[in-house]
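Q: The primary structure of each chain is shown beneath.
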Amino acid sequence: MSTVLDVKIPRLQRDGFALKEIEFSVEAGYLTALLGVNGAGKTTLLSAISGLLPLPEGADVLIGGYSLREQEKEAKECMGFVFDDSPFDEGMSPLLTGQVYGPYYRNWDMEKYSSCLERFEVPKKRTIRKLSKGMKMKFQLAFALSHGATFLIMDEPAASLDPVFRDEFMEVLSEILEGEDCGILLSSQLVSELEAKADYTMMLHRGEQMFYDSTENILDKFLLVRGRYELFPYMKSRILGERLSEYTAEGLILNDGDPVRLDLECVRPTIEDLMYYIKQGVVKKGMV
Amino acid sequence: MEKGRTAGSYVLYLLREGFYRMKTELIGWRGLVLLLIFGYMLLDVFAAMKESQGLMAQGVGALWLVVLFPPRMGKLLYLLPFSKKERTRYLGTYSVSYNVFHVLLFFFMGLVSCLISGYSFLLWIRHFILCTFPFMLLYSGVVADSMSAAVKRSYPNGGLFFSTRSYWQQEDDPVTGIKEDCSTSVSGKKVMSEEDKAKAKKQMRFTVSAVLCTIIPAFHACGNYMYMSLCVRWPWLLYTLTGLAYLSAMIGLYLYWNRISEEMNQKGSTGKEESVCNS
Numbered sequence: 002m003s004t005v006l007d008v009k010i011p012r013l014q015r016d017g018f019a020l021k022e023i024e025f026s027v028e029a030g031y032l033t034a035l036l037g038v039n040g041a042g043k044t045t046l047l048s049a050i051s052g053l054l055p056l057p058e059g060a061d062v063l064i065g066g067y068s069l070r071e072q073e074k075e076a077k078e079c080m081g082f083v084f085d086d087s088p089f090d091e092g093m094s095p096l097l098t099g100q101v102y103g104p105y106y107r108n109w110d111m112e113k114y115s116s117c118l119e120r121f122e123v124p125k126k127r128t129i130r131k132l133s134k135g136m137k138m139k140f141q142l143a144f145a146l147s148h149g150a151t152f153l154i155m156d157e158p159a160a161s162l163d164p165v166f167r168d169e170f171m172e173v174l175s176e177i178l179e180g181e182d183c184g185i186l187l188s189s190q191l192v193s194e195l196e197a198k199a200d201y202t203m204m205l206h207r208g209e210q211m212f213y214d215s216t217e218n219i220l221d222k223f224l225l226v227r228g229r230y231e232l233f234p235y236m237k238s239r240i241l242g243e244r245l246s247e248y249t250a251e252g253l254i255l256n257d258g259d260p261v262r263l264d265l266e267c268v269r270p271t272i273e274d275l276m277y278y279i280k281q282g283v284v285k286k287g288m289v
Numbered sequence: 440m441e442k443g444r445t446a447g448s449y450v451l452y453l454l455r456e457g458f459y460r461m462k463t464e465l466i467g468w469r470g471l472v473l474l475l476i477f478g479y480m481l482l483d484v485f486a487a488m489k490e491s492q493g494l495m496a497q498g499v500g501a502l503w504l505v506v507l508f509p510p511r512m513g514k515l516l517y518l519l520p521f522s523k524k525e526r527t528r529y530l531g532t533y534s535v536s537y538n539v540f541h542v543l544l545f546f547f548m549g550l551v552s553c554l555i556s557g558y559s560f561l562l563w564i565r566h567f568i569l570c571t572f573p574f575m576l577l578y579s580g581v582v583a584d585s586m587s588a589a590v591k592r593s594y595p596n597g598g599l600f601f602s603t604r605s606y607w608q609q610e611d612d613p614v615t616g617i618k619e620d621c622s623t624s625v626s627g628k629k630v631m632s633e634e635d636k637a638k639a640k641k642q643m644r645f646t647v648s649a650v651l652c653t654i655i656p657a658f659h660a661c662g663n664y665m666y667m668s669l670c671v672r673w674p675w676l677l678y679t680l681t682g683l684a685y686l687s688a689m690i691g692l693y694l695y696w697n698r699i700s701e702e703m704n705q706k707g708s709t710g711k712e713e714s715v716c717n718s
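Chains A and B are the protein sequences, given in the same order. Using our numbering, read the first sequence as starting at 2 and increasing by one per residue. Using our numbering, read the second sequence as starting at 440 and increasing by one per residue.
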């Protein structure tokens, strides 16, 4: 298992918003989900990693072992990008995009690009502007795969795809990961879908890295207890946060092995649940 | 073999891109506008033959040409595998290629106009060098400024003329052009902070100056034409009128953009009403 991305950003200040103490890595063959509510700093972080934002003093991003600060060219050779908003000229066709921009990459393989486009059923000669959102994503993916990228960065790639296309897209990602020479960092709001697919989860909140661990580990750290409202006072000392309705209540507790009352339903939380409690301020940095 | 490294290979790649642009951009509405400009220039050359002065369309034509075909690169510039030095070199080659492309296209249109009308191409070039070229240099100044901004990443989308989209279609994020993280209100509308508002105002001021920079040559060309053809009789009046027209246009534009800026701030959007941040 090799590390394809290593991020260390002590602080990145930008227009009144700051990313703080970000430190995580992405391994080849694994999908890492970058999650957080709106305004958490996901896009800022992705911009910094992809080189769209200059890195501040003391920060560095290693892509495929190359420093983005010192060896920018080599680092970007290893990086493929898929953005919700395609950075390519929309007036060009996918084929022409490959012909014009592909050769800037040392390992560009036009044949592979062409076959990727065919495999993803992307019309080669139609202008990018006329492609559907899903096709645009697949086209970007084809471009990324054709220059031997070992690290793929994706910002909301599935945000506006219909469920069928989304499934197809995720299947393609799974195939890429099976090769075990490429790691993916993916930011998305489709938390429930990512939860099932992501091997690792990196959670951001207000610019801070709340936790970074394997998704399973993160979810195993907590438990959700549900039951009648009047039973909750007995659990008060263990409940970190709660969601109350008229008759029932739900509370988040740490899964520390202590038994829970039998008359309370006890389930593993979802990432969405955790995001809710993070926003409430009850799940804090360092809990995982 | 390492590709994409030398200045020569950049020129080759840019040529390929240039051919693509010729093929795609000249076919369409831009091509139509170009034909109109050409027609205008042709008529202008005929008029110049009669009056032995004029060539007003040179300035306007040059202006439209550069507005029609701005260089485009945008955030791709930072995503492709360039080192900082290579990026600067690429931008330089890119700018020079575009300027050369403009001048050549412009000369070609002038040459064809002169051949059709029988006007001396040398006189046409003389007028170009004396009156139009200085204002193309003004444009080059904007490009150079834009280029340095693109390298420093200090302007929206890396500078006015280095946008994948035109500058009036700026995206949310002033630096990267990527949709920006933002807080949303209950209704889903983007909520602007005071800093965002200040940023939007700053962008507006930048846009106003950019628009003013591009209209200067047009007004100058008009003033120049009027001076050449009529100033013998009423130079002071024409100067005053041209000056007043230019001044009013500047004030009008400033007030217009100011109003738009205020409206945008009131709506709480940087340009897209009811935009929902889906980051």
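There may be inaccurate statements among the hints.
Stated by the list, open to error - To give an idea of the chain B side of the interface with chain A (calculated C-beta under 10 Å), a few residues:
id, residue
1, 514
2, 517
3, 519
4, 525
5, 528
6, 529
7, 547
8, 551
9, 554
Calculated from the structure, these hints are not laboratory results. A virtual CB, placed ideally from N, CA and C, is assigned to each residue, including glycine.
Q: Work down the list of hints and note, for each, if the structure agrees.
A: Evaluated hints:
{"no.": "1", "hint": "514", "verdict": "holds, 5 Å"}
{"no.": "2", "hint": "517", "verdict": "holds, 5 Å"}
{"no.": "3", "hint": "519", "verdict": "holds, 5 Å"}
{"no.": "4", "hint": "525", "verdict": "holds, 7 Å"}
{"no.": "5", "hint": "528", "verdict": "violated, 12 Å"}
{"no.": "6", "hint": "529", "verdict": "holds, 9 Å"}
{"no.": "7", "hint": "547", "verdict": "violated, 23 Å"}
{"no.": "8", "hint": "551", "verdict": "violated, 26 Å"}
{"no.": "9", "hint": "554", "verdict": "violated, 32 Å"}
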